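Protein chains in written order, with our numbering: chain A, 1 to 394; chain R, 1 to 148.
What the hints contain is simulated information worked out from the structure, not anything from laboratory work.
All figures in this text were calculated on a predicted structure; none of them were measured in a lab.
Using N, Cα and C, we set each Cβ at its ideal position, and we do this for glycine too.
Honestly, I wouldn't trust all of these hints.
[Said to hold, decoys possible] Taking lysine-lysine and the PhoX-like style, the derived pairs with C-alpha atoms no more than 25 Å apart in a straight line are: (1) A/K31 to A/K213; (2) R/K74 to R/K6; (3) A/K381 to R/K74; (4) R/K87 to A/K381.
[To be verified] Negatives, chain R to chain A, calculated, CB over 12 Å: (5) V7; (6) K33; (7) D36; (8) I37; (9) K43; (10) D46; (11) D51; (12) S67; (13) K74; (14) I78; (15) E79; (16) L84; (17) K87; (18) A99; (19) V105; (20) E127.
Next come the chains, spelled out residue by residue.
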Amino acid sequence: MEKSSKAVYLDNAATTRISDTVFEGVLPYLKERYGNPSSVYSLGQESARAIEKSRERLASALNCTPGEIYFTGGGSESNNWAIRSCGASHIITSEFEHHAVLHVCENLEKHTGVKTTYLPVYANGIIKIEDLEKALHENPSTGLVTIMFANNEIGTIQPIAEIGRLISDWNKKNRKCRFHTDAVQAVGNVPIDVQAMNIDMLSLSGHKFHGMKGAGALYVRKGVKLPPFILGGAQERGSRAGTENVAGIVALGIAVEEAVGNLEEKNALLLKKRERIYNEVMKIERTRLNGDLEKRLSNNLNFSFEGIEGEALLLNLDLMGIAASSGSACTSGSLDPSHVLLALGLPHEIAHGSLRISMSRYTTDDEITHLLEVLPPIVAKLRAMSPVWENINV
Amino acid sequence: MIYTEKVMEHFANPQNVGELPDANGIGEVGNAKCGDIMKIYLKIEDGVIVDVRFKTFGCGAAIATSSVSTELIKGKRIEDALSLSNKTVVDALGGLPSAKLHCSVLAEQAVKAAVADYYKRQGIDPELFVGKCDDSEHHCCGEGENCG
Numbered sequence: 001m002e003k004s005s006k007a008v009y010l011d012n013a014a015t016t017r018i019s020d021t022v023f024e025g026v027l028p029y030l031k032e033r034y035g036n037p038s039s040v041y042s043l044g045q046e047s048a049r050a051i052e053k054s055r056e057r058l059a060s061a062l063n064c065t066p067g068e069i070y071f072t073g074g075g076s077e078s079n080n081w082a083i084r085s086c087g088a089s090h091i092i093t094s095e096f097e098h099h100a101v102l103h104v105c106e107n108l109e110k111h112t113g114v115k116t117t118y119l120p121v122y123a124n125g126i127i128k129i130e131d132l133e134k135a136l137h138e139n140p141s142t143g144l145v146t147i148m149f150a151n152n153e154i155g156t157i158q159p160i161a162e163i164g165r166l167i168s169d170w171n172k173k174n175r176k177c178r179f180h181t182d183a184v185q186a187v188g189n190v191p192i193d194v195q196a197m198n199i200d201m202l203s204l205s206g207h208k209f210h211g212m213k214g215a216g217a218l219y220v221r222k223g224v225k226l227p228p229f230i231l232g233g234a235q236e237r238g239s240r241a242g243t244e245n246v247a248g249i250v251a252l253g254i255a256v257e258e259a260v261g262n263l264e265e266k267n268a269l270l271l272k273k274r275e276r277i278y279n280e281v282m283k284i285e286r287t288r289l290n291g292d293l294e295k296r297l298s299n300n301l302n303f304s305f306e307g308i309e310g311e312a313l314l315l316n317l318d319l320m321g322i323a324a325s326s327g328s329a330c331t332s333g334s335l336d337p338s339h340v341l342l343a344l345g346l347p348h349e350i351a352h353g354s355l356r357i358s359m360s361r362y363t364t365d366d367e368i369t370h371l372l373e374v375l376p377p378i379v380a381k382l383r384a385m386s387p388v389w390e391n392i393n394v
Numbered sequence: 001m002i003y004t005e006k007v008m009e010h011f012a013n014p015q016n017v018g019e020l021p022d023a024n025g026i027g028e029v030g031n032a033k034c035g036d037i038m039k040i041y042l043k044i045e046d047g048v049i050v051d052v053r054f055k056t057f058g059c060g061a062a063i064a065t066s067s068v069s070t071e072l073i074k075g076k077r078i079e080d081a082l083s084l085s086n087k088t089v090v091d092a093l094g095g096l097p098s099a100k101l102h103c104s105v106l107a108e109q110a111v112k113a114a115v116a117d118y119y120k121r122q123g124i125d126p127e128l129f130v131g132k133c134d135d136s137e138h139h140c141c142g143e144g145e146n147c148g
């Protein structure tokens, strides 16, 4: 097989290209506007103003006030900060959170007295409100509920507004439970209103919506006490020390404004593309879609092909110039296939054969055509050499 | 994790893929739960492996180690095939990432299992030549290794 010269990028849930507007907007901060935002002279104040502009843009995208936005080094840091510092002695989360949530909860359980309840997610990849309600009643001292907005592997969207309402009602009886959501995959893909959704804390990351790597944010509702995570200078109102990543923060602001600005239009286009891929790929026999089709990010599809292993599939796609992702053990770097797919109840051997396709507003019809041309023969080729397929297909 | 050119060469153009209808020794090792299964078909005449094929469910390294192993034993005597070590397989591929070393072990085991099957079919106790060969044992992920 000859390596293809095409470059088809279908791994936008991993990271995205910087948008042209972001690139142009960031350039001055990589060149002449290098001032430290904490400095009093003009060069420094120019950087400080750029950061505040980004804060306003982010606040407007989430429907909060700029004072409720704290810039961080990215989604993982935001999650760590929210969960570690909130002071909860009991946490409710779900089985299929990102590791930046799960590993923090596990670590707190191991090293402190914190207890955690893990809600199941079922075959459709969505938590049930009843399960959360039950978990709250069983653990009335719960100080934090952290549920992801949309899953990073299967793109399923959780009932965030309902969770927010439930916790808000729960707190009316003199309780103090906070609601945090890891919205890293959701920002720029679904409309978010932290007030209407009763969200207390929200994590996001710029490089998932055409900003830069290394810059994210944590929204913390006014009145929610969250001690600082990194101590030092007075940056971010003393809550997150360290000289700001000015370029990354500028990128975040421009990117969020762009992403939220044309959200409906973008999603309508992505849904058409997604439907095309779904209809074609599901024609391959013994293929399943992982997670609900409707309550799902418009840019995400996650399939399992019986009888083949995900890494071999990815390497073959790469030979044809296509970048995608899989939940196989080989690609997760651990003993087991993806904890997300296992949480859906998928058997290990099916989870090993998964393929995640994640698009962006830059994904073209030509790219999809190329994928749809090369994917079925690759699956057929791998199945032809698979002793597992031989047993399935009798 | 980076694969060598040799690994990618074998992965992209695997040698001796498929089944052998007149095989007289077939070995299968691994476990779908762990993400890799290798099946080796041997045709042995007068103590010589005259033909060999493989089928593998697994990652890039699993496919490459299967492919290179079939090349290494084709045309060789049974004794030579039995002395094929996972290290020989790794060397022939110009190295494997440490997380993938178990694939080379699996390839070695698959060859041995196929030879054992050949002996069994000949009415010879394979343990005399191959050593203990427990088909039911899951090779899955040796200590500190990743499961392919």
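Check the structure against each numbered hint from earlier and tell me which ones fail, lowest number first.
4, 5, 6, 7, 8, 12, 18
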